[in-house]
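Keeping their order, the protein sequence lines are chains A and B. Take the first sequence: its position 130, counting from 1, is numbered 130 in the working numbering, and each next residue is one higher. Take the second sequence: its position 72, counting from 1, is numbered 72 in the working numbering, and each next residue is one higher.
All clues stand as given, with none of them false.
Sample of chain B residues with no beta-carbon within 10 Å of chain A, all distances over it, derived:
id: 1; residue: H14
id: 2; residue: A35
id: 3; residue: R36
id: 4; residue: A37
id: 5; residue: Q38
id: 6; residue: V39
id: 7; residue: F43
id: 8; residue: V44
id: 9; residue: Q48
id: 10; residue: E52
id: 11; residue: L54
id: 12; residue: A55
id: 13; residue: P58
id: 14; residue: R72
id: 15; residue: L121
id: 16; residue: T122
To spell it out: a stretch of chain B is covered by chain A in this simulated footprint if at least three of its residues, at any positions, have a beta carbon under 8 Å from a beta carbon of chain A; those stretches are:
id: 17; segment: 107 to 118
id: 18; segment: 127 to 135
id: 19; segment: 138 to 144
Since the hints were derived computationally from the structure, they do not count as laboratory data. For each residue, glycine too, the CB sits at the ideal point set by N, CA and C.
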Amino acid sequence: MTALKIPSPRAPVNILIAHPDEDVMLRLQLALRAITTPAALYHVKDETSLFSFLRKASPYETAQRPDMILLGCALMAALDRLKSDNPFSPIPVIVMATDITRDQSRQAHARHANACMRIPSDTPGMRSFAAALDGFWFRTARLPVNPDV
Amino acid sequence: MTVPMPSPNSEPLHILYAEDQEADALFMEQAFLTARAQVVMHFVTDGQAVVEYLAREPRLPDLIFLDINMMRKNGPQTLEEIRANEGWRHIPVIMLSGSALDRDVLGCYTRHANAYVQKPLTFPEMMGFVQAIENFWVFQALLPQDASSS
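Chain A on its own, in the form it takes in the complex (with noise of 0.2 Å):
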């Protein structure tokens, strides 16, 4: 007897949302939600939380590590410290506005950004922000995985 191969259960990625603002964070939310990816996402406000829930410490304990950082132009110090630190350095990170210009674009990528995008102000436009996103994230690139941590 053949034995019948069912496929196993994709994982969700895990989307870290690092951003101030609690309306883009919802309505981001709401668009990743709709993604053809089981996604599960969490969010941080700040620096400070973002590295705490980064290196699972208190009130983070059990926090998973991200497999992508969307992280708010507001919070673009962090980039450097997550690009420089090295078990966190090869996690991408997608820098996001709504009004980002192209040299803040520049400036990000030469810092090691993964990409940047402008955060879309209506609904179907943040649908296909998450498609997009999906699409060559999540469905055509290959993401790192971190045997150590």
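Let chain A serve as the given structure and place chain B on it in line with the hints.
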């Protein structure tokens, strides 16, 4: 349902692709002919040629695709050189490889690759790749294009 958005980037987009297998380069070129965005592909055959291209051409590419395994200078070595150069380090680099090994993927992200993609092998896979590149990198991402882009 998602709606198409106007691209935040200036078109045509210039993509530099370093690939030592001519058939793979042609395959990619054919697939990008179907793209909705205006894309101009530039091909070189190894990492050393990428460095020479960046040093020589007045207009830097908007995106670089780097094959991992190339003669003279391989993908990771080339990536390190791009990231070490102040004038080039902002250019997004997508690594392309036949390898699915976690250590290869991690090594490229640690060297600050923007993304790592397993090489598409079939035409449907290649079309999916082109569509994903367009939808994210052309129509959503804000590329750090040069002011001279046109």
